[in-house]
Amino acid sequence: MSDQLVLEPGESVASQARTDAPPAILLDRVNKWFGALHVLRDVSMSIAHGERVVVCGPSGSGKSTLIRCINRLETHQEGRILVDNMELSDDVRALDAIRREVGMVFQSFNLFPHLTILENCTLAPIWVRRMPKAEADALAMQYLERVRIPEQAKKYPGQLSGGQQQRVAIARALCMKPKIMLFDEPTSALDPEMIKEVLDTMVTLAEDGMTMICVTHEMGFARQVADRVVFMDRGEIVEQGEPVEMFERPKTDRLRLFLSQILRGH
Amino acid sequence: MSDITLGTAVAAAPEAVPRTAPLSQIGLVGWLRANLFSSWINSAVTLLVLYFVVRWAIGFVEWGVINAVWSVPNNQTQVCRDLKGTGACWAVITEKHRFILFGTYPYEEHWRPALCVLLFVGLYIVSAMRRFWRKELALVWIGVLTLIGALMWGGVFGLSYVPQERWGGLVITLILATFGLAFAFPLAIMVALGRRSSLPAIKALCVVYVELIRGVPLISLLFMASVMFPLFLPEGMNIDKLLRAQIAIILFAGAYLAEVVRGGLQALPKGQYEAADALGLSYWQKTGFIILPQALRLVIPPLVNTFIGFFKDTSLVLIIGIFDLLTAGKTAIIEPAWQGFGVEVYLTVGAIYFVFCFAMSKYSQGLEAELNRHRVR
Ligand SMILES: Nc1ncnc2c1ncn2[C@@H]1O[C@H](COP(=O)(O)OP(=O)(O)O)[C@@H](O)[C@H]1O
Ligand SMILES: [Mg+2]
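These protein sequence lines are chains A and B, in that order. By our numbering, the letter at position 249 of the first sequence is numbered 482, and the numbering carries on one by one without gaps. By our numbering, the letter at position 44 of the second sequence is numbered 1224, and the numbering carries on one by one without gaps.
Hints in this document: simulated from the structure, not taken from any laboratory. Please read these numbers as outputs of a predicted model, since none were measured by experiment. The reader is advised that the hints may include incorrect statements.
[Unchecked claim] Calculated pairs, DSSO-like style, for lysine-lysine (alpha carbon to alpha carbon, straight line, at most 27 Å):
| hint | chain 1 | residue 1 | chain 2 | residue 2 |
| --- | --- | --- | --- | --- |
| 1 | A | K412 | B | K1466 |
| 2 | A | K387 | B | K1450 |
| 3 | A | K366 | A | K388 |
| 4 | A | K388 | B | K1450 |
| 5 | B | K1421 | B | K1492 |
[Stated by the list, open to error] If the Cβ cut is set under 8 Å, some of the chain B residues that face chain A in the computed set are:
| hint | residue |
| --- | --- |
| 6 | G1451 |
| 7 | Q1452 |
| 8 | A1455 |
| 9 | L1461 |
| 10 | Q1465 |
| 11 | T1467 |
| 12 | I1470 |
| 13 | P1473 |
Idealized CB from N, CA, C, for every residue including glycine.
Work out the full structure: start from the sequences and follow the hints.
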């Protein structure tokens, strides 16, 4: 529905994946269970620095769980996850280091409602990166300008529209200067007229060479920026490849069915 | 585009001047009509209630002001007794107010507890103002409380030593309430956080503490503190009775407040924790900057409710013989000359409690509105 409305795909963004260097993220036969429910089944994948991956798949297929394992909001039970060559384990210091490198944007924004927009953006740089306050303020204003809402800096999240809140959430994550950004359905909670402003922000980010993993059903966005689309179903990676290839010549029935469903408008 | 439409509209028909609502619908008249006289039954009930309220008020003024006796010469209470209840005997307050306020504290040293009461009130006022909410405030508290201790005990700066058994009255109530809540509140926050801890031992400890203390009446806890606790202490070691009662009150208030705080913690959406984690904030940074500020704002009304309850519950220490405000009031009318004037004394003591509790309540309403401004669009 919104795919057609919003995303007559723009100029596609040139790939910036550096495949020669060691991967930014490496998943090696990752398995995860919620109780008896097997939500990730032998998921393996390697993502290069500068690569942009779009993850799609039906609801409940484990997309959120997958990217939440990458910054350890969820713990996996089998297999290995390496972020920037650091293995995710119970080691607290490795976890701190990884969370500093990995930014995350949620479907429900999750801004801190009792802090102003500016404070939302400066809290982590000041306390986690130990940045002086003036420097953090300047940095935050720079990113707020990049997501085109510097004039809202003194307001509280509740005073902003959904699209504006999500752009603040992106700026907040960027203020930590992450090497990798994770997006979990960043536009699913938004009204159609606000989806474009958020996607535009993400396109800019892609153009700057950010490593991104993005769970989304915005196929126009996928065509425009993704180096690779990963299709998940029931906890497995069923098919992956270049966006055009995947959308126009799906190899599996499951992907074909999924594509026909989202093109009909969810 | 909107300019054009506006222009044509003005040309076609002049804009209607906004009228005020009909007088019968707004202001005092409108309010009375809507709330008190909306039907003939409501009108009848309103008038009836009004009649009783006025009668009672007139009666109270006659008793409390017009027929009242304000003082009597050297305990000659016969004048009061001759009134046969038609007038108040405020003479009992005139005569006994220093005893009610300061208990058996040496008479010529009464300025010391009096100064302490003023110090407490000053401390409350300063702490209530948001512009003083800085780290230095903790130092002010430590300083003032130390000063109060020095004033009450004496034995330094040329002040004579006054043993704790002789302290009494309002100052005891304020000591129990202030120290009680000042220690119980941080304790409660730690216990509430501990109950949600992922470490089983800490979690179990906090659950046991809350359930154990909540399941026992404060009175029995006070008895335990005053009678049983000393039995477990080594020979010759003696902890002051007031301190023991104070600890019992802290433990009791801590358990109740912990549950209030936990309610606030649970009301926060999971996303707030996750966003803080994803940004790399440590546990204490997350708790201090994100979780507690929001959780505590949410529970200001039940928190203040519990505070007020405990302010008054300090009066239960009378059963273990500590001379708080209420006990002092009760003791003041034991003397034969003044027996039978309980109403006047209890009204006065009640009024003192009311002033403190009402101030707390009013202040919390203002604070709540101010701290939750971010939620208003
Ligand atoms: N915290 C949890 N506890 C138990 N089950 C969960 C939890 N989170 C997700 N699940 C289950 O795991 C499966 C995958 O969920 P999720 O990763 O959120 O899927 P998606 O994001 O693809 O819609 C779903 O069946 C969901 O019900
Ligand atoms: Mg999801």
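How the hints compare with the structure:
1. A:K412 <-> B:K1466: With a Cα-Cα distance of about 22 Å, the restraint between A:K412 and B:K1466 holds, given a limit of 27 Å.
2. A:K387 <-> B:K1450: holds, 25 Å
3. A:K366 <-> A:K388: Satisfied, since the Cα-Cα distance of roughly 18 Å is no more than 27 Å.
4. A:K388 <-> B:K1450: holds, 23 Å
5. B:K1421 <-> B:K1492: holds, 19 Å
6. G1451: holds, 4 Å
7. Q1452: Since chain A brings a Cβ to about 6 Å from B:Q1452, closer than 8 Å, the hint holds.
8. A1455: holds, 4 Å
9. L1461: holds, 6 Å
10. Q1465: At about 5 Å, which falls below the 8 Å cut-off, the nearest Cβ of chain A leaves the hint on B:Q1465 intact, so it holds.
11. T1467: violated, 12 Å
12. I1470: holds, 6 Å
13. P1473: holds, 5 Å
The structure does not agree with numbered hint 11 stated previously, though it agrees with all others.
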